[in-house]
Structure formats: structure tokens, C-alpha cells
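For reference, the chains in residue letters:
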Amino acid sequence: MKFTKTLVLVLSLSLMLVSFAYAGKDLDAVKSKGFIQAGVNGSVFGFGMPDAKGVWKGLDVDTARAIAAAIFGDASKVKFTPLTAQQRFTALQSGEIDVLTRNATRTLSRETQLGLNFVAVNYYDGQGFLISKKLGVKSAKELDGATVCVLPGTTTEQNAADYFRTNKMAWKPVVIENTSELAKTFFAGRCDVLTSDASQLAGTRAIAPNPKEYAILPEIISKEPLAPAVRHGDDQFRDIVDFSVLAMINAEELGITSKNVDEMLKSKNPAIQRFLGVSAGNGKALGLDEKWAYNIIKQVGNYGEVFERNVGVNTKLGLERGLNALWTNGGLMYSPPFK
Amino acid sequence: MTQTTKAKRERLSPPITNVGVIGWLKTNLFSTWYNSLLTVIIVAAMSWLIPPLVRWAFIDSLWNSSAEACRDIDGACWSVIPQNIKFIFLGFFPSGQEWRPVLAMALLLGLVIYSKDRSRWKKSLAWLWLINLIIMGTLMYGGVFGMPVVETSQWSGLPLTLLLSFFGMVVAYPLGVLLALGRRSKMPAIKTLCVVYIEMIRGVPLISLLFMSSIMFPLFLPEGITIDKVLRALIAIILFTAAYIAEVVRGGLQAMPRGQYEAADSLGLNYNQTMRLIILPQALKIVIPPTVGILLSAFKDTSLVVIIALYDVLKTTMVTLSNPDWTGYSTEAYIFLATLYFTFCYAMSSYSRKLEKDLHTGH
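Protein chains in written order, with our numbering: chain A, 34 to 372; chain V, 21 to 383.
Mixed in with the good hints there might be a few duds.
The calculated DSBU-like cross-link candidates involving lysine-lysine, where the alpha carbons are at most 30 Å apart (straight line), are [as the list claims (entries may be wrong)]:
no., chain 1, residue 1, chain 2, residue 2
1, V, Lys320, V, Lys106
2, A, Lys112, A, Lys317
3, A, Lys205, A, Lys256
4, A, Lys66, V, Lys249
5, V, Lys249, A, Lys90
6, V, Lys320, A, Lys217
7, A, Lys174, A, Lys201
8, V, Lys136, A, Lys112
9, V, Lys305, V, Lys377
10, A, Lys86, A, Lys317
11, A, Lys324, A, Lys64
12, A, Lys256, A, Lys171
13, A, Lys317, A, Lys299
14, V, Lys249, A, Lys64
15, V, Lys374, V, Lys320
16, V, Lys106, A, Lys349
17, V, Lys249, A, Lys58
18, A, Lys110, A, Lys349
19, A, Lys58, A, Lys372
20, V, Lys320, A, Lys86
21, V, Lys249, A, Lys110
22, A, Lys174, A, Lys217
23, V, Lys106, A, Lys86
24, A, Lys112, V, Lys249
25, A, Lys86, V, Lys249
26, A, Lys90, A, Lys256
27, V, Lys305, V, Lys136
28, A, Lys166, A, Lys349
29, V, Lys106, A, Lys90
30, A, Lys217, V, Lys377
31, A, Lys167, A, Lys217
32, A, Lys217, A, Lys90
33, A, Lys205, A, Lys166
34, A, Lys110, V, Lys106
35, A, Lys324, A, Lys66
36, A, Lys64, A, Lys112
37, A, Lys256, A, Lys166
38, A, Lys372, A, Lys292
Calculated directly from the structure, the hints in this document are not laboratory data.
Take the sequences, apply the hints, and build the full model.
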């Protein structure tokens, strides 16, 4: 009995050691190794995926590059680790990666039980429905008895189940493991509806044999604020990651782009002067070079540029800004003052 | 009298229904009524299936076009492979350095082909392998002779598949033999250890071992110490394959008649000599077919590393298919992959048949 108790005590103590061993060391570790290890998705087009040459592309990938630009003044000082949905949080907890930029939804349990800190949201997503127009349905409320194509394991399946139960509707899930197979099955007519994050639906529709025959229903049934995350324990590193994301949003608010950032250095606007480090202060407060925000905008771009380049209307995904527009344009992107 | 009979004995050709095409058809395809029925059904099915398949695969197909051009055709879009060939085969290997993994793979295949001939199995061949493995490792990793370092996290595609399967098999085989010997050992400690190991590993699926190695294992390591992801997966594959090989080899050991052991004893050979000279050569020969079966499934099992986000050739293909341009052409891509895997597996199994024939000594 005594032995068991001691064993439990020792085990829980060592577990605590494992979880808290990193306190305050993340930034130093990152600086001394000279690059950031970022966990990314690896197979979601527009967010994190290598192209045909093996070069990483995407909104999440560019977010990680912005953090590298802030810390090292060089957006290329980042290495990417592709992670599965199961691996992502463990990889962050175990120190295999420094920051997770892998379209992860911020939730209370992840923030607390998993010991993570999510920072500013870099994409507001939500779950929606894609239907064939032949179905003649105008609203998700009319989907009683529908067969629904859905990916397993993620929150998507759970959300759909909740939605149909709340609205007292019957549904038949058709669960398919792989995104591309899911789309093929749907276009082959095996299910009436495909449900997924809205950011994916537009892309799925774009690859349909005849995109005009399909429509996205107006209902968004879940909130998915996708944000980068770091471990508990190093607040300074967390601040840097947070403000690297916010800097891109702030730059768009101030009208600074990667093209005009050099002219903006001469701006008389005190907010711009402070932001770009012409008048010092922000850099020192974060423990970074005063040019940190300038480097982000110069090398990666402001949020609007990054959005349009990876997922915007001129890309294959063709997403509208929607919730991800600046607050001044009716969206949710809002940056606290940089002072 | 005798002359007339001889003249009458001219050679008559057999009835036309017994020889030639018709004869062959009769004996092989229409010998009984149910065989005739089967033949008719199969011919009908083939004539119904094959023309559209040929039309899809060869006539209406595109072989090296853009994704846009593929949208307008009804046939196969094989372009998905050539258009993404670099990423499918080499993954993240940096541009401009592609020759290195290509050369390393060529060396490996060349050496495997060279080693096929049993007359070349000498000590010098072992040295040749060792030197070549060092060269291949250097080519992949770099860091000398002006080749930039390419970390293992960037090793992907076909080189990764070959690396995992080659080392998986080559290290697992001797380990498996040792475990089989250990399981038959008279020393209780060693025997128990081997039994526990073999049964434990065989009791869990490879996927759970891979998950352990990639998700659980890092949490147990002290801070700052990380073991290479590729190495962790490789070790999981080796441990898994070795347990299966051990049981197959044990079957071979049990098949050896007692007389062989007694003959070795009466010659005054010790345990090592008995095993090395008498028992193992015969036992391993008996179990070539099941061993090859296990090695083949080990080769195919390497594709499971997909689930721990290692980019083997299956994963690089899947990533290519996530690109909206190419999402619609998974059939073509998977057919290509199946052909690739089949080529490797068929080469291995036909070589094992040859080896079996060569080693057949009639006892």
C-alpha cells in the first residue's frame, strides 16, 4: 500500500516536471537555435501545404514566417513540421515544435487542460453546408432525413450531430476519412449534403465537375476561431507570437503594405512611426529589434495581402473576407493599439 | 500383303477438332457444359469492361498537361504524376539538390541487383555494402564536399519509403533470428524475455506502435532531448517486423529433425557452431516463403507512417491530391502508386522463388 502511494506520488511529480520544465525558456531556446520550429497542417490547401516544388504555402505558414521575421528579422528562419490532428498538441507540449500554426480552434478545454495559450485569431471559420441545387433546398433547416458527407474525428462530425439533434431532424452521416475522397463521393451523388468548415466548402465547390450546380447554404452552425498556439510558461514568447499576428492586422488598418512600407517610414502619423519603429519603444518592450514590425510587413505583408495571396477571391479557394475583414469593414479583425 | 498394309498406314492427321486453335479451345475452355458457360460469361464481361477501360486509360487520356486541360476530357488524367513528379518522389528535398537522393536510390538499386547473384556473396560484398551505405548516407545528409545539410525531416517521398523498408527488413531479420533462438533457449531468463517481447509486440497493431513512438514516447524523454522522428518510426517498424520473423524462424527450427542436433553434438560442435553450420542454414531455407511474405508486408506497412505525418511516397501523393487543381484525379494517382508498390513486391517475391530453387538440395 505504502509502495503504491509512493509510486503514484513519484509518477505524478515526474509528470509535473515534464509539463513545467520549459518555464521561461522558450524564447531563449528559439534564439539560441536560430530558427522557429512551427507545426503546420501539411495538407490543407491555402492554410498549410507544400506546393509541387516542396515549398510551404498558406495562411498559417505565412503567420509562422511573420513570427520568424519579428524575432530574427528574417522570415526564412522557420522550419515546418507537418502534424496530424492527433499529434499537434502533443508536439507542442513535448517541445518538438515552438509554435503551432495549424488551423486549430481555440477552446476552453484546450487552453486549460492541454496547457496551451492561444493568441490572436488569424482566421475566423465556421461550419457550413454544401448542397446540390437539384435538392431544391434553401436553408439548412430543410435538411430533415438528409445523407451527409462528413470527415471523421474532428469537431465537424460532432457539430453536425448537435445541429440536427437541436433542430429535431433525422440525418444519415456518410463518414469518409480523406478530404479528396469526401468531395468525390459527394459529387458522385452518394450524399445530399457535404458539411465542413466554410473555408473548405468554397474550395470543394470550385473543383466540382460543374460548380454552378452546387450552392453553399447560408447557415453557419459553429464558431471556429483558428489561432496560433504556444505552450504555457513563457509569457514573453507568447506576447511576441501574439503581436506578430496583430502587427499584420494593424498594418492593414494603418494602410501599410509590403509595397509602400518603405515610404511609410517617412510618415508623419505618430501611430505609424511607433508601429514601424521610427520612434522607438515597442521593440524594446517585446525584447525585439525596433524594426520587428517593419520586417514582418516588408517580408510577409499585412493581413489583407496574406489573405488574398493564399485564400482570397483570386485563388482556387476564392474566399470572401467575410468575418475576416477589418472591423472597419464589418469583419472581426481588430488590433489593439501599438503603443 | 504386307506392302498393302504399309501403304494404308499413311499418317492421318488427328481430327481438326482435337488440334490447333479449335482443339486448344475445346480442351481448355469448352471441355464441359459449365466450363463453356463460364467462358461465355467471362468473355462477355471482358468485352463489356475492357473497351471503356482502354478508352479511359489510353485513348481519352492526357499524359502531361495542365490541370485545366484535364477538366475537358472524359478519360484519365495521368498528368497528375508528371506535373508533380518532384514532390511525389522527393518531397521536401531542397530544389537544386535533387540529384543526391536520385543518385542514392540508384546506388541502392544497383547494389541490390548486383547482390542477386549468389556467387558474389563474399566478404568483399559486405564491405561494398558498408561503403555504399556510407556514401548513400552522405549523399542524403550532406554537410561535406560543398553539399548543404539536408535534415532527416526533409527526407521524404520514395527515398523515405526505401529507407524505412530497407533498414526495417535488414535489421529486423537478424534480430528476428536471434529472438527465435532465444525463445528456444534452455536458459529461463532469456527464454521468458524473448517470449514476452514477441507476444507483446505481436499483440498490438503496428499503428499503435507508431503512435507510441511519435506521440507518447517524446513525452517521456527529458527536456531538450528529442530523438529523430524518422528514426523513431524506423525503430518501431524494426521491432514489429522482428517479432513476426522470430516466429517464422522458430517454425523452421522446430522442423529440424533431432538427428541434425545429435549429429552436430557427436561431431563435437558447440552451440554456436551447431547453429551457424548445421541448423540455421537448413532452417532458414525451409522458411523462405513465409519470411518473404513478412518482408513484403513490412514493405507495404511502411506506408502506415502517413498517420504520424512522415511524408513517404503515399503521403506526398495524398498531399498532391489536396491541391484543388488535382483533387479530382485520385484514381489515376493511386493506380500509379499501386503499380509502383507492385513492381517492388513482385521483384522481391520472384527473387525469393529463384533463391528457393537455387538452394534446393533435395533434403
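Verification of the supplied hints:
With a C-alpha separation of about 22 Å, the suggested pairing of Lys320 (chain V) with Lys106 (chain V) holds against the 30 Å cut-off. Only pairs whose Cα atoms come within 30 Å are accepted, and Lys112 (chain A) paired with Lys317 (chain A) is accepted, the gap being roughly 26 Å. Pair hint Lys205 (chain A) plus Lys256 (chain A) holds up; C-alpha atoms about 23 Å apart against a cutoff of 30 Å. The suggested pairing of Lys66 (chain A) with Lys249 (chain V) holds, with an alpha-carbon distance near 18 Å, which does not exceed 30 Å.
For the proposed pair Lys249 (chain V) and Lys90 (chain A), the alpha carbon gap of about 23 Å is at most 30 Å, so the pair holds. Taken as a hint, the Lys320 (chain V) and Lys217 (chain A) pair is honoured in the structure, with Cα atoms around 26 Å apart against an allowance of 30 Å. This hinted pair checks out: Lys174 (chain A) and Lys201 (chain A) have alpha carbons roughly 10 Å apart, not beyond 30 Å. The suggested pairing of Lys136 (chain V) with Lys112 (chain A) is violated, with an alpha-carbon distance near 41 Å, which exceeds 30 Å.
Among the hinted pairs, Lys305 (chain V) with Lys377 (chain V) is consistent with the structure: their alpha-carbon atoms are about 10 Å apart, no more than 30 Å. With a CA separation close to 39 Å, the supplied pair Lys86 (chain A) and Lys317 (chain A) exceeds the 30 Å bound. A hinted pair counts as satisfied when its Cα atoms are at most 30 Å apart, and Lys324 (chain A) with Lys64 (chain A) qualifies at roughly 17 Å. The suggested pairing of Lys256 (chain A) with Lys171 (chain A) holds, with an alpha-carbon distance near 21 Å, which does not exceed 30 Å.
For the given pair, Lys317 (chain A) sits about 21 Å from Lys299 (chain A) by alpha-carbon distance, which is consistent with the 30 Å threshold. Simply put, Lys249 (chain V) and Lys64 (chain A) have alpha-carbon atoms about 23 Å apart, close enough for the 30 Å limit, and the pair holds. The straight-line distance between the Cα atoms of Lys374 (chain V) and Lys320 (chain V) is roughly 22 Å, inside the 30 Å bound, and the hint therefore holds. For the given pair, Lys106 (chain V) sits about 22 Å from Lys349 (chain A) by alpha-carbon distance, which is consistent with the 30 Å threshold.
As the CA atoms of Lys249 (chain V) and Lys58 (chain A) are separated by approximately 23 Å, the hinted pair is consistent with the 30 Å bound. About 28 Å separates the Cα atoms of Lys110 (chain A) and Lys349 (chain A), which keeps this hinted pair within 30 Å; it holds. Simply put, Lys58 (chain A) and Lys372 (chain A) have alpha-carbon atoms about 26 Å apart, close enough for the 30 Å limit, and the pair holds. Using a Cα cut-off of 30 Å, the hinted pair Lys320 (chain V) and Lys86 (chain A) holds, with the two alpha carbons roughly 26 Å apart.
Pair hint Lys249 (chain V) plus Lys110 (chain A) holds up; C-alpha atoms about 21 Å apart against a cutoff of 30 Å. Taking the CA atoms of Lys174 (chain A) and Lys217 (chain A), the gap is near 25 Å; set against the 30 Å cutoff, the hint holds. Our distance criterion of 30 Å between C-alpha atoms is met by Lys106 (chain V) and Lys86 (chain A), whose separation comes to about 6 Å. At roughly 14 Å between alpha-carbon atoms, Lys112 (chain A) and Lys249 (chain V) fall within 30 Å of each other, so this suggested pair holds.
In summary, the hint linking Lys86 (chain A) to Lys249 (chain V) is supported, as the alpha carbons are separated by about 23 Å, within the 30 Å threshold. Straight-line distance between C-alpha atoms of Lys90 (chain A) and Lys256 (chain A) comes to about 25 Å, which keeps the hinted pair within the 30 Å bound. Between Lys305 (chain V) and Lys136 (chain V) the CA atoms are separated by roughly 16 Å; this keeps the pair inside 30 Å, and the hint holds. For the given pair, Lys166 (chain A) sits about 21 Å from Lys349 (chain A) by alpha-carbon distance, which is consistent with the 30 Å threshold.
A C-alpha spacing of about 16 Å is found between Lys106 (chain V) and Lys90 (chain A), which places the hinted pair at or below 30 Å, so the restraint holds. For the proposed pair Lys217 (chain A) and Lys377 (chain V), the alpha carbon gap of about 47 Å is over 30 Å, so the pair is violated. About 17 Å separates the Cα atoms of Lys167 (chain A) and Lys217 (chain A), which keeps this hinted pair within 30 Å; it holds. With a CA separation close to 24 Å, the supplied pair Lys217 (chain A) and Lys90 (chain A) stays within the 30 Å bound.
For the proposed pair Lys205 (chain A) and Lys166 (chain A), the alpha carbon gap of about 19 Å is at most 30 Å, so the pair holds. Of the supplied pair hints, the one linking Lys110 (chain A) and Lys106 (chain V) holds, its CA atoms being roughly 24 Å apart against a limit of 30 Å. Distance hint between Lys324 (chain A) and Lys66 (chain A) is fulfilled; the C-alpha atoms sit about 21 Å from each other, no more than 30 Å. Restraint check for Lys64 (chain A) and Lys112 (chain A): the C-alpha separation of about 14 Å stays at or below 30 Å, so the hint holds.
For a cut-off of 30 Å, the pair hint linking Lys256 (chain A) to Lys166 (chain A) stands: about 26 Å separates their Cα positions. With a C-alpha separation of about 24 Å, the suggested pair Lys372 (chain A) and Lys292 (chain A) falls inside the 30 Å cut-off, and the hint holds.
The structure does not agree with the numbered hints 8, 10, 30 stated previously, though it agrees with the rest.
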